[in-house]
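*Asks:* Listed below are the residues making up each chain.
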Amino acid sequence: QKEVEQNSGPLSVPEGAIASLNCTYSDRGSQSFFWYRQYSGKSPELIMFIYSNGDKEDGRFTAQLNKASQYVSLLIRDSQPSDSATYLCAVGDAGGTSYGKLTFGQGTILTVHP
Amino acid sequence: DTGVSQDPRHKITKRGQNVTFRCDPISEHNRLYWYRQTLGQGPEFLTYFQNEAQLEKSRLLSDRFSAERPKGSFSTLEIQRTEQGDSAMYLCASSLALTQYFGPGTRLLVL
Chain D
1 QKEVEQNSGP
11 LSVPEGAIAS
21 LNCTYSDRGS
31 QSFFWYRQYS
41 GKSPELIMFI
51 YSNGDKEDGR
61 FTAQLNKASQ
71 YVSLLIRDSQ
81 PSDSATYLCA
91 VGDAGGTSYG
101 KLTFGQGTIL
111 TVHP
Chain E
1 DTGVSQDPRH
11 KITKRGQNVT
21 FRCDPISEHN
31 RLYWYRQTLG
41 QGPEFLTYFQ
51 NEAQLEKSRL
61 LSDRFSAERP
71 KGSFSTLEIQ
81 RTEQGDSAMY
91 LCASSLALTQ
101 YFGPGTRLLV
111 L
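Residue numbers (the working numbering), protein chains in the order written: chain D, 1 to 114; chain E, 1 to 111.
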């Protein structure tokens, strides 16, 4: 049973601060990693994906991957109240007939207060 | 709108009734996925199509659930003899490679 673990939070940060969201996964063979944002009552929206060890930056978002530690994180710089949402970490299968199937964590609730 | 679309957006039904949901993927995407999400949880994989072939089904997908993608374009998910435990958001996603894009979901409430 492949597992993806996230701290459910809630994580509360002040406006302008850095929010740090963490995720661990159990399948050492996992190759693709995704962060989705989900507003209440809406569907998941892709923020970033990362495949290689290290950092990947996109605007205010930075994804970090450490395959040896089976750990992936998302940093949000200059957090805004509009960033308040649930952040879902997802790990992708690759190969065979499971190509692209995602296993999600339970999500971390982020609240950015003015 | 060139995104993934789902219909209906909301469905209320009585226990024991059958329901069918439709998903229209992004037009050039050959892979289509169904997930189910309950309150406070992340989405759980149900089934996956590559073109018209259903390549994987989760053990969550009991024999009351059936999915089709007859011409490799839109897909339907049918739930027969609905139970209260089927109440959830049913999400469809499509992809061309590894990155999946989700539709707005169909929220099902079984009374």
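Hints in this document: simulated from the structure, not taken from any laboratory. Being a predicted model, the structure only gives us computed values, none of them experimental. Keep in mind that a hint or two might mislead.
Keeping only pairs whose Cα atoms sit at most 30 Å apart, straight-line, the calculated DSS-like set for lysine-lysine is [as the list claims (entries may be wrong)]: (1) D:K42 with E:K57; (2) D:K2 with D:K42; (3) D:K2 with E:K14; (4) D:K2 with E:K57; (5) D:K2 with D:K67; (6) D:K67 with E:K11; (7) E:K14 with E:K57; (8) E:K57 with E:K71; (9) E:K71 with D:K56; (10) E:K71 with E:K11; (11) E:K57 with E:K11; (12) D:K2 with D:K56; (13) D:K42 with D:K56; (14) D:K67 with E:K71; (15) D:K56 with D:K67.
If we take Cβ atoms under 7 Å as the criterion, some of the chain E residues that face chain D in the derived model are [as the list claims (entries may be wrong)]: (16) P8; (17) H29; (18) F74.
Ideal Cβ placement from N, Cα and C applies to all residues, glycine included.
*Asks:* The structure should be examined with respect to each hint, and the outcome stated for every one.
*Replies:* For each hint, the structure was consulted:
Distance check on the hinted pair: K42 (chain D) and K57 (chain E) sit about 25 Å apart at the alpha-carbon level, within 30 Å; holds. For a cut-off of 30 Å, the pair hint linking K2 (chain D) to K42 (chain D) stands: about 26 Å separates their Cα positions. About 34 Å separates the Cα atoms of K2 (chain D) and K14 (chain E), which puts this hinted pair outside 30 Å; it is violated. As the CA atoms of K2 (chain D) and K57 (chain E) are separated by approximately 16 Å, the hinted pair is consistent with the 30 Å bound.
As the CA atoms of K2 (chain D) and K67 (chain D) are separated by approximately 15 Å, the hinted pair is consistent with the 30 Å bound. Taking the CA atoms of K67 (chain D) and K11 (chain E), the gap is about 41 Å. The hint is violated against a cut of 30 Å. Simply put, K14 (chain E) and K57 (chain E) have alpha-carbon atoms about 26 Å apart, close enough for the 30 Å limit, and the pair holds. Between K57 (chain E) and K71 (chain E) the CA atoms are separated by roughly 19 Å; this keeps the pair inside 30 Å, and the hint holds.
Only pairs whose Cα atoms come within 30 Å are accepted, and K71 (chain E) paired with K56 (chain D) is rejected, the gap being roughly 38 Å. A distance of roughly 25 Å separates the Cα atoms of K71 (chain E) and K11 (chain E); the hinted pair therefore holds under the 30 Å criterion. Proximity of K57 (chain E) to K11 (chain E) is assessed by CA-CA distance (about 23 Å); at most 30 Å being required, the pair is judged to hold. About 25 Å separates the Cα atoms of K2 (chain D) and K56 (chain D), which keeps this hinted pair within 30 Å; it holds.
Between K42 (chain D) and K56 (chain D), the direct Cα distance comes to roughly 26 Å. Compliance with the 30 Å bound is thereby established for this hinted pair. For the hint pairing K67 (chain D) with K71 (chain E), the CA-to-CA distance comes to about 39 Å; that exceeds 30 Å, so the pair is violated. With a C-alpha separation of about 14 Å, the suggested pairing of K56 (chain D) with K67 (chain D) holds against the 30 Å cut-off. At a threshold of 7 Å, the smallest CB-CB gap from P8 (chain E) to chain D is about 14 Å, leaving the interface hint violated.
Because the closest C-beta pair between H29 (chain E) and chain D is about 11 Å apart, greater than 7 Å, the hint is violated. For F74 (chain E), the interface hint is violated, the least distance from its beta-carbon to any beta-carbon of chain D being 17 Å, above 7 Å.
The structure fails hints 3, 6, 9, 14, 16, 17, 18 (numbered hints given earlier, in ascending order).
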